[in-house]
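K.L.:
Keeping their order, the protein sequence lines are chains D and X. In this text, residue positions in the first sequence follow the working numbering: the first is 1, and each later residue adds one. In this text, residue positions in the second sequence follow the working numbering: the first is 1001, and each later residue adds one.
It is worth saying that the hints were derived from the structure and are not from the lab. Glycine residues also receive a C-beta, built at the ideal position from the N, C-alpha and C atoms. Watch out, some of these pointers could steer you wrong.
Said to hold, decoys possible - Here chain D is said to cover these stretches of chain X; the calculated rule only asks that three of the stretch's residues, wherever they fall, bring their Cβ under 8 Å from a Cβ of chain D:
1. 1186-1193
2. 1340-1354
3. 1357-1371
Unchecked claim - Calculated cross-link-like contacts (lysine-lysine; reagent style DSS-like; alpha-carbon spacing at most 30 Å):
4. LYS1420/X <-> LYS119/D
5. LYS1104/X <-> LYS46/D
6. LYS1420/X <-> LYS1022/X
7. LYS84/D <-> LYS1375/X
Unchecked claim - Which chain D residues stay away from chain X? Per the calculated CB distances, all over 12 Å, these:
8. ARG9
9. THR16
10. ASP35
11. ASP59
12. GLU83
13. ALA96
14. ASP99
15. HIS101
16. ASP149
17. ILE155
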Amino acid sequence: MSDLNLLNRVRAFIDTEADMLDFEEYNAWLDLWTDNGVYVVPIDPKETDFANTLNYAYDKAEMRKLRVARLQSGEAVSTQTTEKTVRQLGRFRILAESDTHVEVRCSMYLSECRHGNLKTYPADVTYKLLKADDEFRIDEKVIRLQNSDAYLSSIGYIL
Amino acid sequence: MTDMIDIKPVVADYDSMIKPDKVHSSLYSNPEIYEEELDKIFNNTWVWVGHESEVPDVGSYKTAMIGRHSVIVSRDRKKNLHVLLNRCRHRAATVCEGKKGKTKSFMCPYHGWGYSLDGALRAVPKPEEYEGVFDKSEYPLVSLRFETYQGLIFATFKEDLEPLEDFLGGAKKWIDLFIKQGGGYPLKVLGDHRFRFPGNWKIQLENTTDAYHFPIVHKSFVSSVDDQTAEVFDFLDGEGFVEDLGNGHSVMVMIPELVDLEEDLDAPIPERFQALAEELAAEGHSDLEVRRLVRAVGGSGFNLNLFPNVACSMAFFRTLVPISVNETEIHHVALGGEGAPAAFNQMRIRLHEHFQGPMGFGTPDDAEAWERVQKGSHAGTEEWILLNRGQENLSTSPDGNVAGAVCSETGMRAAYQQWKKMMTA
Ligand code: FES
Ligand SMILES: [Fe+2]
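Same shape as in the complex, but just chain D:
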């Protein structure tokens, strides 16, 4: 039963994160992270050495802040033409648990609407969450887009 309890807490946390991103509460989203947390969108879904390979995004704290600032500034024309995103996360599975961390994998279906065109990005997402009192903090989030190894279009938001 304790497993289901953990799963529920993890789901609640990740759903909240998803909601923040869909509703553009980016500053609150920044606070979900640990200081050393890394946000990664790899190209090769099998890659594990993110630091030494080219990714679509590899954001530590500073880059996450800059990415959010770019979205909020209104200076980037590509971020102005995407209507809000809608994402659904499911298929949650706890991959590992230690005293300090929980590792979770789930699926994500995200749709965007740019210039009136609806487009879907399915992805596998893994999280390494730091247990922080009753809460979690994101230590690593890796978004493996289903078509990452082929080609994408501009993505003017946060996956």
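Following the hints, complete the assembly by docking chain X with the ligands onto the known chain D.
P.N.:
Frame of chain D, contents of chain X with the ligands only:
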């Protein structure tokens, strides 16, 4: 009775559509012109297919497109390169899928013909029925002519085309400068970003030599870097220039101080690379080596546009693949140094991610602008795309080329003159 002369119907009157100072909008949207471009340009010139570091070992291969043709670049057992049509000689199935990899041979999935890395047909299942029909030596994968310059591989369908080095001509000097960004190590491909945008390929071709858009489209990128770096990218009023290098090629020098990365090694280390310099020094690299690496890490201060499909663009290769008249795939190929310190290559990768690719702080805004160009270009019936910026402010460069200001449209005019030459040949 006179002989019939086979004259291919002319799709359009290109002389009237390409003026020295403007081109007709239908060049972006007419599907017949697009098909003719694939025949007359992409089938008829040197087309970039990769860099040697992408196929480093025996058995390495990568796939590429030459216009509508899928090709394989492979390295055989003797380490020789080949550029092969990706098409089984039996009934045409592709023999290789995916971007790159390593293999011992190419096996057709349909009836199992097997080809070696040099394209030779090695085995066919149940050969009896071919007895007396053909010999395997008659059906290797079709091999294309290719030549390399400084590791850049170009292939062509045209057997009697001028040598690659003649075609590159004035661009060679700039390629020589560009490859110095390995920081003393051989240039190496570290991966690529691939994305498509709904627009004609020439919109991308133009953009590589368009400095004019930078402060507008890339405002959010400039806001994301430190003041010193922002100043470096504030180049429109600087000493930069665009030079027409002939054969449709051009160079746009945005940051003249970063043309030769082996010069000025004692220049102060920029703020944003201070930590890298310290890390390299702590690893035991000499002061000279640290300075060489740091000077190279941000790339060259120019974009070299090579007609028709590749650019040596500051710190990366930018290649374009026409998909249809109104869709283009772009690859932003990240570069580093083979055997260079990990910290150097990591920094180059992070800089690439910062600006390039579908999630970079720069590329998505370019793509948005290009999409709008394609859309807008359909409006009106007799409208033109202007290329006349800076045309009254030209000079002759020390190399004897036509040159204009850094934000002139000199490079685009050069590309379209080559386009016209090839389309009317
Ligand atoms: S099509 Fe390749 S073996 Fe038949
Ligand atoms: Fe740009």
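K.L.:
Hint by hint, note whether the structure agrees.
P.N.:
Hints, verified against the model:
no., hint, result
1, 1186-1193, "holds (count 4)"
2, 1340-1354, "holds (count 8)"
3, 1357-1371, "holds (count 11)"
4, LYS1420/X <-> LYS119/D, "violated, 37 Å"
5, LYS1104/X <-> LYS46/D, "holds, 22 Å"
6, LYS1420/X <-> LYS1022/X, "holds, 12 Å"
7, LYS84/D <-> LYS1375/X, "holds, 22 Å"
8, ARG9, "holds, 30 Å"
9, THR16, "holds, 23 Å"
10, ASP35, "holds, 17 Å"
11, ASP59, "violated, 9 Å"
12, GLU83, "holds, 14 Å"
13, ALA96, "holds, 27 Å"
14, ASP99, "holds, 31 Å"
15, HIS101, "holds, 25 Å"
16, ASP149, "violated, 7 Å"
17, ILE155, "violated, 5 Å"
In summary, the numbered hints that this structure violates are 4, 11, 16 and 17.
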